[in-house]
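2 protein chains.
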Amino acid sequence: MAGYILGIDGGGTSCRAAVADPQGTILGRGKSGAANILTDPNNAILSITEAAKAAFRDAGLDGDGVGEASAFLGLAGTNVGDLARYVHDRLPFRHTDIDSDGLIALQGALGDGDGAVAILGTGTIYMARKAGTVRYIGGWGFTVGDLGSGARIGHALLQEALLAHDGVRPRSAVTDAVLDEFKHDPRGIVEFAHLSKPGDFGRYAPLVFEHARARDPRAVAIVEAAAGTVDEALDAIMALAGARRLCLLGGLAPLYPEWLSQRHRAILVEPQADALTGAVALAAARQRERTGASG
Amino acid sequence: MAGYILGIDGGGTSCRAAVADPQGTILGRGKSGAANILTDPNNAILSITEAAKAAFRDAGLDGDGVGEASAFLGLAGTNVGDLARYVHDRLPFRHTDIDSDGLIALQGALGDGDGAVAILGTGTIYMARKAGTVRYIGGWGFTVGDLGSGARIGHALLQEALLAHDGVRPRSAVTDAVLDEFKHDPRGIVEFAHLSKPGDFGRYAPLVFEHARARDPRAVAIVEAAAGTVDEALDAIMALAGARRLCLLGGLAPLYPEWLSQRHRAILVEPQADALTGAVALAAARQRERTGASG
Chain A
16 MAGYILGIDG GGTSCRAAVA DPQGTILGRG KSGAANILTD PNNAILSITE AAKAAFRDAG
76 LDGDGVGEAS AFLGLAGTNV GDLARYVHDR LPFRHTDIDS DGLIALQGAL GDGDGAVAIL
136 GTGTIYMARK AGTVRYIGGW GFTVGDLGSG ARIGHALLQE ALLAHDGVRP RSAVTDAVLD
196 EFKHDPRGIV EFAHLSKPGD FGRYAPLVFE HARARDPRAV AIVEAAAGTV DEALDAIMAL
256 AGARRLCLLG GLAPLYPEWL SQRHRAILVE PQADALTGAV ALAAARQRER TGASG
Chain B
16 MAGYILGIDG GGTSCRAAVA DPQGTILGRG KSGAANILTD PNNAILSITE AAKAAFRDAG
76 LDGDGVGEAS AFLGLAGTNV GDLARYVHDR LPFRHTDIDS DGLIALQGAL GDGDGAVAIL
136 GTGTIYMARK AGTVRYIGGW GFTVGDLGSG ARIGHALLQE ALLAHDGVRP RSAVTDAVLD
196 EFKHDPRGIV EFAHLSKPGD FGRYAPLVFE HARARDPRAV AIVEAAAGTV DEALDAIMAL
256 AGARRLCLLG GLAPLYPEWL SQRHRAILVE PQADALTGAV ALAAARQRER TGASG
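Sequences listed follow chains A and B, in order.
When you read off a place in the first sequence, starting at 1, and then add 15, the result is the number in the numbering used here.
When you read off a place in the second sequence, starting at 1, and then add 15, the result is the number in the numbering used here.
Read the hints as simulated data drawn from the structure, not as lab findings.
C-beta atoms are modelled at their ideal positions from N, C-alpha and C, and glycine is treated no differently.
A hint or two may mislead.
[Unchecked claim] Chain A is nowhere near these chain B residues, computed Cβ spacing over 10 angstroms in every case:
#1 D181
#2 A248
#3 D250
#4 R303
[As the list claims (entries may be wrong)] One-sided excerpt, in silico: chain B residues whose CB lies under 10 angstroms from chain A:
#5 Y101
#6 P107
#7 L178
#8 R202
#9 A208
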C-alpha cells in the first residue's frame, strides 16, 4: 500500500497531478482547477487534493490512498511570504515537499543534469542548476520585472500604438492593427490597459512576433528590445552557473530563438519532459532520501 | 452678488481654486485634497467644491456663494471616458466648464499667445496653440503612456535595481541606494511597486536626476532614455503647431533642460503665470462670451 509518490504541478489556471510507483513510473494522472496559493490558498489546497485523488483513481487506486503518499509540489508564488507553509500544513499527504513551479519545470526539461532554463511566457524567469544547486534570476512579475515576457511585449505594443496615434513615432502595420481594433480611439487602449492583467497584455505578443517576422519596423523594434533583455538575463544566469546547455520553455519558447544572440542559440536543447514529469522525479528522489535507499 | 468667477486647478494630489471678479482680478484662493476624476470622481467633486468654498471665504465672501459662480476647471484625466460629464453634472456652480489641466497650464504659461508647452511631472503631456487652436500629444497616463514622466523614471529605477540585484545589469550608486532602502530584499521592491500609484513611483525621479548629474551610469541611462522620449514628443508637437517658443512646466521642468536636445533648449521660455491663473483667465473669457461682452 505505502510507497506511492505524487508529482503535482499547480498553476494559476489548473492543477495537474501524477501518481507513480516508488521508482517513478507514472501509473495515473489527474487534473483540477486553479491552484494559486498567492491569490487563494484555501482553494489551492482543494484543487491540489482533488487532482491527487483523480490521479489515484485514474491508476485504479482508492482516492483516499493519497493520505499515505509522498508528494512533491511545484507551485507558482512560493517565493512570496509564508503561504507555502500555510498550504503545506493543510495538505492530506503523508509527506509534502513544496518548491517553485520553476524547479519542477527545470527538472522536467533537464532531467538530473546541469544546465539553464528560461521560462518565456506571460512572465519570465531564468534558472540554472550546477552540481545540485539551483540559482534563479527574474520572476519578479509584470509590475517591475518580467522584461521580455509576453505581457511586457503586449504592453509595449499598446504603448507604441498610442505613440503612433500621436505622431510621435512612425506608424506601421502592427500599430495600425491595434488602432483598427480600438477603432482609432486612443481612450479605448488606455481603458483596456487599465483593466488588463498580465495575461491580457500577453495575448498581443504573438501578433508582435508575427509582424516582426514580416519585418514590420515597429514590431522588430519591440521584439529586438525584448530579446535584448532576454539575452542580458541569459548571460547572467549562464555566468552564475557556468551552464553549457539552455532550454527555453513557455508559450514564447518557439518564437524567440531567431531573435536571440548566436551564443545562446548555439546551446539550445529541447526539453526532455514536462514539469509534471519533473515533479514526479523530484518526489521519487525525496522518497529515496527518506527511506535511505540512496547512498 | 452674481458675476464672481472661479478658476480651478484639480490634480491628483491637491485641488486649488481662485475666485475673481468678472474682470479676472483674483480676490481669494483656496486649497483642498486630491481631485482625480479618473480614480475617484466622487471625491474629486467634494475636493473641488471644498477648494471653491475656501477661496470664497478667503475673499471674505460666503462659501455658499459658489452656487452663483461661473467656474472654469482644468482637471487631469478629462480626456478619458465620460467622467468629465459625470463630474460636471454634480458640481454646485451656476456655470461649469471643464477642460484639461493642460489647457489651464498652457493659458497660464503662454497667456493668449502661440507656442508649445510640455508638462513634465508625475505624468507627461505636450500641447501647442496656434491661432487659437490647441493640439495635444500624450497625457495617456502611467499605464501605457507618460513616457519621460517622473512616474516612469521612478518605475525604471526600481526595475533597474531589481536587475542589479539579479546581476543582469551593473550596479551603481543609484541602484545601491534603492536596494539599501529595501534592505536588499527584492520582494520588498516588488511589494512596494504593487501598492504604488504613479505619484509613489514619481517620488524617486529627483533621486535619479541627482545621480545622473553626478554621472552615475545607470541614472544617466535612465534619464537619457527618458529625455529621448521627451525630445521625440517635442519634435511631434512642434511640427503640428509650428511653434517657435517652448515652455516646460511641472516638477521636472527645472531638471530636464540639460538633457534635452539643443534644438529644444534654444527656444525655451519661462512661464508667464501658473495654471490657476490660467484657469481664472479662461473663466473670465467664458463669462465674457456668455454675457455677450465680447465681440
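We went through each hint and held it up to the structure:
1. D181: 5 angstroms, violated
2. A248: 5 angstroms, violated
3. D250: About 8 angstroms separates D250 of chain B from the closest Cβ of chain A, which leaves it inside 10 angstroms; violated.
4. R303: At about 32 angstroms from chain A, R303 of chain B clears the 10 angstroms cut-off, so the statement holds.
5. Y101: Violated. Min distance 15 angstroms.
6. P107: Violated, about 28 angstroms.
7. L178: 8 angstroms, holds
8. R202: Interface hint status for R202 of chain B: holds (6 angstroms vs cutoff 10 angstroms).
9. A208: This hint holds: A208 of chain B lies near chain A, its Cβ roughly 4 angstroms from the closest one there, short of 10 angstroms.
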